[in-house]
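All chains should be modelled from the sequences, with the hints used to inform the complete structure.
Quick note, the sequences are listed as chains A and B, same order. FYI, in full-length UniProt numbering the residues of the first sequence are 1 to 595. FYI, in full-length UniProt numbering the residues of the second sequence are 1 to 602.
Be a bit skeptical, because a hint or two may be false.
Computed cross-link-like contacts, DSS-like style, restricted to lysine-lysine with a CA-CA straight-line distance of at most 25 Å [stated by the list, open to error]:
no.	chain 1	residue 1	chain 2	residue 2
1	B	Lys537	B	Lys514
2	B	Lys514	B	Lys448
3	B	Lys395	B	Lys359
4	A	Lys347	B	Lys216
5	A	Lys390	B	Lys514
6	B	Lys536	B	Lys514
7	B	Lys359	B	Lys536
8	A	Lys390	B	Lys448
9	B	Lys242	B	Lys228
10	B	Lys2	B	Lys13
11	A	Lys35	B	Lys242
12	B	Lys179	B	Lys9
13	B	Lys13	A	Lys254
14	B	Lys2	B	Lys179
Hints were generated in silico from the structure; no laboratory data involved. Computed from a prediction, not measured in an experiment: that's the story for all the values here.
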Amino acid sequence: MAVTAPSTVHEDIQFKGYDPQVIRGLMAFVQPYWKPLLFSLLLMAITSAASVAGPYLVKLAVDEGIDAGSLPRLRNLVLIYLAIAVVQWAAIYGRVFIMSRIGQSIIYDIRSQLFHHLQRLSLSFFSHYSVGRIIVRIINDVSVLREFITWAMLAIARDLFVLIGIIFTMLSMNPRLSLLTFSVIPLIILITRLFRSRAREYYRETRKAISWVNSVLAENINGLRVVQAFSREDRNYAYFRDVVNRNNLDINLKAARLAALFFPGVDFLGITAMALVVWLGGSAVLGEQLSPGTLVAFVLYINRFFDPIRDLSRRFDSFQSTMASGERILNLLNTPIEVEDAPDAVKMPPIRGEIRFQNVSFHYSDDPTPVLSHIDLLIPAGQTVALVGKTGAGKSTFIKLVARFHDPTEGVVRIDGYDLREVTQQSLRRQCGIVLQDPFLFSGTVRENIRFGRLNASDEEVEAAARAVGADEFIRQLPQGYDTPVEEGGAILSVGQRQLISFARALLADPRILILDEATSSVDTQTERIIQAGLSRLLDGRTSLIIAHRLSTITNADRILVIENGQIIEDGTHSELIQKRGVYYHLYRLRFEDE
Amino acid sequence: MKRHLRNLKTLVKPYFRQIVLASVFLLILTVIEMAFPAIIRQVIDVGLKGGDQRFLIVAAGLILGLGLIKALVNFREQYLTEWIAHHVAYDLRNRLYNHIQRLSFQYHDHMPTGQLISRVIEDVRSLQSFAGHGLVELARIVILLVGIGILLFSRHPVLAAIAISPLIPMVLLTTDFGKRVGRLFLAVDNTLGELSSILQENVVGVQVVRAFAQEKYETDRFDQTNRKLFDRQITVVREWAKVMPSTIFLVTLGTILILWFGGQMAIRGEITVGELVAFNSYMLLLANPAQQLAWLVNAAGEAYAGLQRTFEILETEPDIQSPPNPIPCPVFRGEIQFERVSFRYKQSERPILRDINLKIEPNQRVAIIGATGSGKTTLVNLIPRFYDVSEGVVKIDGMDVRQMDLPSLRRQIGIVLQTSLLFSTTIRENLAYGRPDASEEEIIAAAKAAQAHEFILELPQGYDTVVGERGVTLSGGQRQRIAIGRALLMNPRILILDDSTSSVDTHTEHLIQKALSTLMEGRTTLIIAQRLSTVKKADLILVMDQGRIVEQGTHHQLLALDGLYRQIYDLQLKNQEELEDDLLTQPIDLSRVNFRSRNSLE
Chain A
1 MAVTAPSTVH EDIQFKGYDP QVIRGLMAFV QPYWKPLLFS LLLMAITSAA
51 SVAGPYLVKL AVDEGIDAGS LPRLRNLVLI YLAIAVVQWA AIYGRVFIMS
101 RIGQSIIYDI RSQLFHHLQR LSLSFFSHYS VGRIIVRIIN DVSVLREFIT
151 WAMLAIARDL FVLIGIIFTM LSMNPRLSLL TFSVIPLIIL ITRLFRSRAR
201 EYYRETRKAI SWVNSVLAEN INGLRVVQAF SREDRNYAYF RDVVNRNNLD
251 INLKAARLAA LFFPGVDFLG ITAMALVVWL GGSAVLGEQL SPGTLVAFVL
301 YINRFFDPIR DLSRRFDSFQ STMASGERIL NLLNTPIEVE DAPDAVKMPP
351 IRGEIRFQNV SFHYSDDPTP VLSHIDLLIP AGQTVALVGK TGAGKSTFIK
401 LVARFHDPTE GVVRIDGYDL REVTQQSLRR QCGIVLQDPF LFSGTVRENI
451 RFGRLNASDE EVEAAARAVG ADEFIRQLPQ GYDTPVEEGG AILSVGQRQL
501 ISFARALLAD PRILILDEAT SSVDTQTERI IQAGLSRLLD GRTSLIIAHR
551 LSTITNADRI LVIENGQIIE DGTHSELIQK RGVYYHLYRL RFEDE
Chain B
1 MKRHLRNLKT LVKPYFRQIV LASVFLLILT VIEMAFPAII RQVIDVGLKG
51 GDQRFLIVAA GLILGLGLIK ALVNFREQYL TEWIAHHVAY DLRNRLYNHI
101 QRLSFQYHDH MPTGQLISRV IEDVRSLQSF AGHGLVELAR IVILLVGIGI
151 LLFSRHPVLA AIAISPLIPM VLLTTDFGKR VGRLFLAVDN TLGELSSILQ
201 ENVVGVQVVR AFAQEKYETD RFDQTNRKLF DRQITVVREW AKVMPSTIFL
251 VTLGTILILW FGGQMAIRGE ITVGELVAFN SYMLLLANPA QQLAWLVNAA
301 GEAYAGLQRT FEILETEPDI QSPPNPIPCP VFRGEIQFER VSFRYKQSER
351 PILRDINLKI EPNQRVAIIG ATGSGKTTLV NLIPRFYDVS EGVVKIDGMD
401 VRQMDLPSLR RQIGIVLQTS LLFSTTIREN LAYGRPDASE EEIIAAAKAA
451 QAHEFILELP QGYDTVVGER GVTLSGGQRQ RIAIGRALLM NPRILILDDS
501 TSSVDTHTEH LIQKALSTLM EGRTTLIIAQ RLSTVKKADL ILVMDQGRIV
551 EQGTHHQLLA LDGLYRQIYD LQLKNQEELE DDLLTQPIDL SRVNFRSRNS
601 LE
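Below is the structure:
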């Protein structure tokens with residue numbers, strides 16, 4: 001049965017040959033370290049020369065020392081060899097240390113830059129790019145690069161140095177015997193080429209197979225609760241074992257068979273060269289055209305000659321995946337930042353909280369359909385405004401423009417008369433509190449999570465904020481009170497409790513403008529009762545924008561905006577809109593049928 | 001240590017024969033490798049000295065022949081080694097996959113998913129690479145060391161002792177390195193894990209970070225850990241940089257010693273030049289393996305750490321399993337009983353449920369209300385045995401759920417959770433998740449009943465549309481309806497609903513409510529309820545507070561009780577009801593309502 005992973009799994013596994021643009025992009029990261037890099041290349045040349053020199057010294061020792069019976073000559077050669085070995089030791093030490101350090105530094109730089117860049121990318125980027133992919137970029141892809149920079153680059157340089165050194169030395173010792181030895185090289189090139197094209201194919205397939213395995217694994221762990229609820233364990237296991245994991249095994253075995261053919265093949269050619277040297281070289285010694293020492297040196301060189309060749313063909317694999325990883329990293333780094341502080345952006349002073357939309361339209365950069373069109377609106381400071389409308393009507397976009405997560409494509413959004421594009425994002429957002437539907441908590445204690453709203457808040461202020469929204473009571477009942485760690489999976493806190501903590505966090509930040517994006521919808525009726533008090537405390541004296549489906553929240557607002565197809569179609573208080581018998585009225589008729 | 005070796009043994013045991021075979025091949029290879037220097041020696045001492053051309057041809061032929069045998073054996077050996085490694089990894093991955101999916105909710109509550117996933121992926125990888133090349137290479141090096149040692153000593157003990165002497169500090173150096181490097185790598189891995197979790201949190205919580213303008217705080221946090229990772233990596237590098245050149249140096253030193261002492265002996269005529277060259281060749285045979293030794297020990301350290309962590313998972317007994325002699329469940333009538341049930345989390349003192357006594361009749365519709373954290377979700381989670389009671393017993397149709405066969409219990413219980421997790425496969429397969437054998441008609445019928453058929457048909461590939469990260473993104477309401485269809489298709493006798501659908505717009509909400517009421521017909525249903533209509537329609541209302549059922553009865557009974565329910569009703573529900581009356585007295589003009597699929601409203 002031919003089994004392949006669904007094509008959707010493979011998006012992240014592309015393979016590339018040499019791409020000068022990627023190399024240039026990566027070189028920009030290497031560039032700050034060119035001096036130590038050059039130095040370690042120098043060290044590399046030294047070590048390669050030293051390792052090539054070894055057999056030559058043995059030859060000299062055999063011919064000029066032992067055969068000639070000269071002890072002083074032997075001693076001198078041995079001392080030279082010793083000196084070379086010491087130099088080699090120091091050079092390798094320096095090279096390994098410096099190169100690894102450079103590699104690690106580059107990795108550090110790339111990760112830092114990637115993270116920095118992420119902090120500035122627009123929110124819509126994150127809705128397209130999943131968490132998993134971002135982690136793969138910053139953790140795994142960067143690791144692949146490191147391996148390339150620290151080991152592969154070095155090894156390739158070393159292999160080339162050694163290869164050239166050996167060829168040169170052999171030619172200078174005896175050109176005829178050298179050419180004889182090299183006669184197997186065309187054969188090696190031939191089988192390497194044959195091997196490489198097949199190997200590339202298999203390499204791709206193995207990478208696809210393992211990433212399929214990993215994604216199936218990850219999904220099963222993530223969806224574990226559903227798996228168990230539907231008793232799918234046996235079936236999922238059978239699928240994993242017999243299809244996904246099996247596929248990986250089969251492809252890997254195929255690749256292993258190929259590799260097991262290639263390397264012994266190269267090895268055999270090396271041995272063939274040795275047999276040639278013994279036969280023809282030995283005859284030459286008999287004919288006095290060659291010294292025994294040279295023959296010995298040749299045998300030694302042949303051993304060293306084939307290692308770099310084998311090594312180089314192995315490096316080719318990692319080169320491919322480096323190019324692919326490198327390209328993906330550069331793509332991420334080059335993703336344009338949509339919302340940026342203007343060069344002359346000013347710090348927004350403490351605001352009152354008046355929001356004004358002037359002929360504001362918005363559409364996403366990859367989709368020309370307008371999400372909001374020509375909105376003109378004034379929200380006086382201190383007003384509580386509820387936004388009502390269907391999913392996709394533009395409510396969320398509306399509030400995102402207020403917090404400047406996006407810039408309007410047309411028109412101006414002003415707060416207290418300031419065009420938001422002319423102030424720094426930080427000074428704006430520090431004065432906007434945003435509570436989202438999904439109350440995200442960071443790992444850390446409850447206290448740290450509340451303090452995230454204002455890092456320099458004292459313990460008393462943190463607790464006061466929790467008290468104000470009605471969270472204090474349950475927090476004190478937690479095993480370690482405010483110092484209870486918040487865990488992933490949420491065994492300790494319910495969604496409602498998490499939401500209360502996020503309210504406290506927002507209150508602590510003491511924003512002038514408060515934005516609640518469906519913040520109360522994940523809270524049960526009972527908890528909402530507790531929240532209502534806290535919520536009114538939170539809303540008190542601030543300009544508030546609320547997206548909600550709960551009636552009580554909406555009806556209590558000073559003003560209701562009904563948004564449809566990116567436009568405000570109704571605007572008024574609850575009773576005004578009910579009397580108007582328009583869309584608002586009908587939306588709620590419908591809702592009450594259910595409630 | 002011993003325990004982990006035993007674990008390693010259980011992994012490789014099924015492949016004992018292959019391992020023996022691979023070892024035999026290895027032995028042959030080593031013998032052949034050691035034969036080459038001996039031949040070269042004969043060439044120098046006999047062939048060149050004796051001036052016999054024929055001898056050279058025989059020697060060359062011998063080398064070629066042995067080379068051919070070596071290539072053939074080498075091929076078999078390499079393939080076999082990989083074969084073993086991949087099979088071990090295959091088995092281990094299977095075991096992990098199967099084991100993890102059987103571990104209880106309680107285990108997963110405390111184990112970050114990211115960490116679990118990376119363990120399975122990374123640790124198996126490091127084990128695989130070591131189980132293959134690593135072990136065999138290690139064996140080869142040991143065989144080589146011993147073999148060459150014996151050979152050299154039998155030839156010339158003094159020169160052998162001199163030649164071997166640098167190898168002793170080398171072995172000491174690498175084993176010492178190996179001991180420390182495992183710990184260092186573990187530290188690196190842990191820091192890398194830390195870095196990933198910071199990253200993950202930052203990305204998942206990106207809106208919060210932006211909203212509170214805490215980018216700088218986050219960047220500092222990341223940089224700090226990134227720096228820590230750098231430092232730890234450098235520690236490893238430093239160790240490595242010390243060991244690696246030293247091993248090369250010591251091998252070279254061996255050659256130099258042979259040249260100096262052996263050279264003198266050759267000049268004095270005690271040994272032949274051929275013997276000297278052979279000695280040197282043997283030393284060089286050790287050069288590559290000696291360099292690999294440090295790397296191998298290193299890989300062994302990594303694999304050992306992986307093995308430890310892997311078996312930490314595999315040795316965790318699933319808390320919740322079918323009993324040894326499970327009773328296969330007949331089709332439930334759907335009566336549920338809680339008798340003196342208490343529950344607390346394993347490492348916690350605080351009870352989540354206390355002394356719950358409850359009887360639910362077949363086909364009854366039960367609404368559970370109560371504050372966040374009052375124990376509603378835990379209560380329902382005890383029925384399909386997502387958690388086991390700490391005290392007391394939960395019975396279905398009079399039988400303790402712990403005595404039942406687990407799959408046959410869970411298959412009769414349908415669950416719609418607050419967050420509707422779908423799998424990244426087709427919509428069809430998602431719907432049929434609980435019943436993979438369902439027919440096309442059944443799937444479509446379920447989708448229709450769940451009010452999902454219509455939007456599914458509008459998707460690019462209809463029922464074959466792939467959901468999820470790499471496929472089509474569905475809205476919360478759409479996902480929820482598919483989750484309802486999924487539960488519906490199971491045709492469960494008992495239904496558990498977490499009725500928190502308020503994050504969708506009014507129109508979708510309406511559709512979901514319709515779907516849910518279809519779903520509830522003719523089954524025992526437990527609903528964690530939010531809205532008045534659901535609560536009022538229920539046959540039995542449970543009011544929970546701090547892990548206890550404080551009131552139970554019908555809407556009217558509870559109102560008459562004038563307790564907590566009355567309070568909630570007055571404060572919240574009644575408020576809704578009055579608004580409702582207020583509105584419903586007024587006629588509807590549907591023409592003003594602009595919905596895309598209006599016909600589904602009728």
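Query raised in the report: For this structure, which hints from the list above don't hold up?
Result: none
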